[in-house]
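Peer 1: Here are the chains, one letter per residue:
2 protein chains.
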Amino acid sequence: MLYVQKFGGTSVADVERIRNVARRAIKTKRAGHDVVVVVSAMAGETNRLLKLSKSVTPEPSERESDVLVATGEQVTSALTAMAIQHEGEAAESFLGHQVRIVTDSVFSKARIQSIDCTELTSALKEGKIAVVAGFQGVDAEGNITTLGRGGSDTTAVAIAAAMKADACEIYTDVDGVYTTDPNICPSARKLSRISFEEMLELASLGAKVLQIRSVEFGMKYGVPIHVRTSFNDSEGTWVVEEESEMEQVVVSGVAYNRDEAKITIVGVPDHPGIAAAIFTPLSDASIVVDMIIQNASSDGRTDMTFTVPKGDFKRAVETCRKTMEKLGCNDIRGDENIAKISIVGVGMRSHAGVATKMFGILSKEGVNIQMISTSEIKISCVVDAKYTELAVRALHDGFGLGDVDGVSKS
Amino acid sequence: MLYVQKFGGTSVADVERIRNVARRAIKTKRAGHDVVVVVSAMAGETNRLLKLSKSVTPEPSERESDVLVATGEQVTSALTAMAIQHEGEAAESFLGHQVRIVTDSVFSKARIQSIDCTELTSALKEGKIAVVAGFQGVDAEGNITTLGRGGSDTTAVAIAAAMKADACEIYTDVDGVYTTDPNICPSARKLSRISFEEMLELASLGAKVLQIRSVEFGMKYGVPIHVRTSFNDSEGTWVVEEESEMEQVVVSGVAYNRDEAKITIVGVPDHPGIAAAIFTPLSDASIVVDMIIQNASSDGRTDMTFTVPKGDFKRAVETCRKTMEKLGCNDIRGDENIAKISIVGVGMRSHAGVATKMFGILSKEGVNIQMISTSEIKISCVVDAKYTELAVRALHDGFGLGDVDGVSKS
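So the protein sequences, as listed, match chains A and B.
Taking my numbering, the leading residue of the first sequence gets 1, the next gets one more, and so forth.
Taking my numbering, the leading residue of the second sequence gets 1, the next gets one more, and so forth.
Keep in mind that the hints are not guaranteed to be accurate.
You can't tell identical chains apart in this list, so a pair holds if it fits in one copy or across any two.
[Claimed, not checked] 30 Å max Cα-Cα, derived BS3-like pairs, lysine-lysine: (1) Lys-27 to Lys-54; (2) Lys-125 to Lys-109; (3) Lys-51 to Lys-27; (4) Lys-310 to Lys-54; (5) Lys-54 to Lys-125; (6) Lys-164 to Lys-364; (7) Lys-190 to Lys-364; (8) Lys-27 to Lys-208; (9) Lys-364 to Lys-220; (10) Lys-386 to Lys-314.
Honestly, the hints are just simulated from the structure, not real lab data.
Produce the complete structure using the sequences and hints provided.
Peer 2: Structure follows, in C-alpha cells:
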C-alpha cells in the first residue's frame, strides 16, 4: 500500500513533535507500506515570515512573499528527513520544484496544474521515505509559488491522486470531522465517515478542518482522505465517495459562519438586467458575493439582499451606493451582525420536509430567519449573530446528530 | 557598467540594514549602471538553523543540512527584493536553482561548475535589479547544495566572472584589507590595492576578509574585487591583477594563524618512500597537512615535522603512531601551542634578503623560530604561540607597513 501522510503546523511545531512525525512515518513504512510525508511550516513560522516582510514594506510583492514563506516548509522538510534518518530509515526531502509540482502563476494562491511523480517514485523504490515540502510549487517559468493558507492539504491530496495512493492521511490537532463545533455544542460527535460532497459543503461553510481544494482533488480523483490527530493512534474521519448507507442519515453536520455581512438595496426598479447592474461592479472590485435573495416585486420595485465577507463590507456598501444612484433605488441597508447557520447531508436528496423541520426548530427557539438559501445537500439560514450557539445546538440535537454514528432520529 | 554587489550577514542583519542594502543598490542603478546584488543569510541565521538540525540528530545528513541552511539566503533575497521595490525600483530575487548555479554534489562545500546568465541578463534588460541568494547552488540531479562558509563571496565573484561584470563589490563589516590585524597591531593600515596572489596568501593564512575560492575565481577570470564596508561610502581595498608598481612594495601584509598544531616524528629511517608512508595515512583520514619540514639526515635517520589543523591534532597523532610502529621510528612529539606568522608580498620576487631581514627582526625580539616555509611571495615561520602579537607587530613595523600606502622603508 502507498500512504501519503500530511502533518500540519501544530504537528511539527517543535523538534520533539517532528520526532513523533518521523516515528509515525517509520511505523507505517515498517508495516510494509510505501510512505510519502507532506509537511507544513512549523506553527507560527509562516506568520513570523509574513510579519518580517510587512516590516520591510506594507505591500510586499506576491512573487517575493512566496519566495519568503516557502522557506517555512523547506525547513520542516529537511528536519523531518533528518529525524527519520536519525531513527534508522532512509529519507529524502523534496521541494516543490524538485518533485516537481507545477502550478499557474497566481502567486500566494496558485493552483496545481501537474505533478511529476518520477523522482518520488524512484525514491520510494530505493526504500526511502519521501518527505515533501507542502504548500509550494513552481510555475512554468520556474518562479516559486504557494498554494494559499492550508495549501499543504492540497499538496498531499494532489500527490496522493497523482501517485494513485491508497489513502491520504491528514494529521491535524483535532481528531476528526465533527457533526458540529464541539466548542459550542457539547453533544457534537466525531463522524467515522463523510462523503466528499458533504465535506465540501462543511469546509466552505467555515469548518476549518480541510482546505476546500484538497477535498475537490480527493473527490475528482477518488482519493480516500483520513482526517486524524497526530497525538494518538485513534481512527479519525474518512472522507470518501458517497456510499448508499450515507443516504440514511439525513443531516451529517451543522456548520456556522460569522464572517459575512448582509446588504439590502431597497426599492430596486424591477426590470431585466438589474441583477447584472448591481453585481458586476462588485465582482469588478473582487468582492465575492455569497447568498443572494430577491424578494417578489411590488409596484415595479423589489428589494435585493446579499451577503459579502465582513472584510469587504465597507467597500461593498460604497460600490453599491454608486450603483444605487445610477439605478434610482430608494435606500441601502447593511448589517454586520449576522451568522449563517447551515445543515448539510447527502440524505436530503431523498428525504422530504428537511427544510420545514429546520425552520420549525429555529422558530421554536424564537430565532427569526432573515435569509434562506438551499442546495441539493445543504440548507442555510441567515440569523442574528447573537443566536449562533443557540441555533447550532438546537439544530444539532433536533436532527439527532448527538446519537450513535449511522443512526438518525429524523 | 555592470556591478555585482555582495552583502555579508552583518550587512543584512536586520530590516533596517536590508533597507540600506536596497538604497545602495538603487544608488548604483540610478547612476546608470546594471546591478546584481548577492546576499548572505541574516547574521546568526545559519547558526540558528544548524543548531536546530543538531537538536534533531547529532550527525545530520549533509544533503538535508544544505536544504535547511539554504533557506537563510532565500529569506534575505526575498526581503532585499521587497526593500528595493519599496524604494521604487524593480527587483527580482533568484535562488541558486533559478539562476542557475550548477555545482558538484559535495554537499556543504560544493564547487561551482557552471553559471547560466540567461535569466539574470534578461532581468537586467527589463530594468530590474537582480537579487541572488548567495552560498547556494544545485547539482546536476537538482539537489540543493551549498558552497561552504563564506560561500556568498564565491557566488558573487563567480557571477561577476560569468557576466563579465566591471567589478565585484564585497560589502562587509570591515572597511578593507589591512596590512595586518588592527586588533593586535595599532599601526595596521588599510591597503588601497592588493594583487590576487597576495590576497590568496593572506586569505589562506587566516585573514578572514574574503573566501579563498572567491579570490581564485577573481584571479582566474580577471574580475576586480572591491572589498569595502556597507556602513559608509569610503573606498575600501581593490583586489586586482598585479601591477608593476606593486613590486616596489616588498611586503604587503603580515598574517598569523593560531589554528594549527605541530607534530614531529623523531628518528625516521631515511630512505626513499618514507614521506609517502607517513602522509598517505593522514590524507586517507582527510587530515590536511600544511607545512612539512624534513631535517638533514644523520646516522641514516631523520626527523619529520609538519603542521595540521588543531581540530585534527589528536587523530593525526594516533594515525602517526601506527605508521611509526610499522616504520620503526624512535618517538613522536606534538605541540598545540604554536602560531604561524607570515609575510606576504609580490615584491619578494625581485628583492633579495627579505627572509634574512625577517629572521633578524624576530631574533632581535628574542622570538625563536621552530619551522620555516617559503613560497615565491610568502615566508612563514612557526613560533611559540605566546609570541604571536609581539612577532606580528615587530614584522609589521620592521617592514615599514605602517607608512603611507605604496611607499616602503625596506
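Peer 1: Are the hints correct? Go through all of them and say.
Peer 2: Each hint, compared with the structure:
In this assembly of identical chains, the alpha carbons of Lys-27 and Lys-54 lie at most 30 Å apart only when taken from different copies (23 Å versus 41 Å within one copy). Taking identical chains as interchangeable, the C-alpha atoms of Lys-125 and Lys-109 lie at most 30 Å apart only when they sit on different chains, with a minimum of 29 Å there against 33 Å within one chain. Taking CA atoms no more than 30 Å apart as the test, Lys-51 paired with Lys-27 passes between copies only; the shortest distance there is 27 Å, against 37 Å inside one copy. In this assembly of identical chains, the alpha carbons of Lys-310 and Lys-54 lie at most 30 Å apart only when taken from the same copy (23 Å versus 45 Å across copies).
Taking the shortest Cα distances, Lys-54 and Lys-125 sit within 30 Å of each other only across copies (29 Å), while inside one copy they are farther apart (43 Å). Proximity of Lys-164 to Lys-364 under the C-alpha cut-off of 30 Å is found in neither arrangement, the shortest distances being 49 Å within a copy and 81 Å between copies. Taking the shortest alpha-carbon separations for Lys-190 and Lys-364, only the intra-copy value of 27 Å comes in at or below 30 Å, while the best inter-copy value is 88 Å. In this assembly of identical chains, Lys-27 and Lys-208 lie within 30 Å of each other by CA distance solely inside one copy; the values are 28 Å within and 47 Å between copies.
For a Cα distance limit of 30 Å, the shortest separation of Lys-364 from Lys-220 qualifies neither inside one copy, at 40 Å, nor across copies, at 87 Å. Taking CA atoms no more than 30 Å apart as the test, Lys-386 paired with Lys-314 passes inside one copy only; the shortest distance there is 22 Å, against 75 Å between copies.
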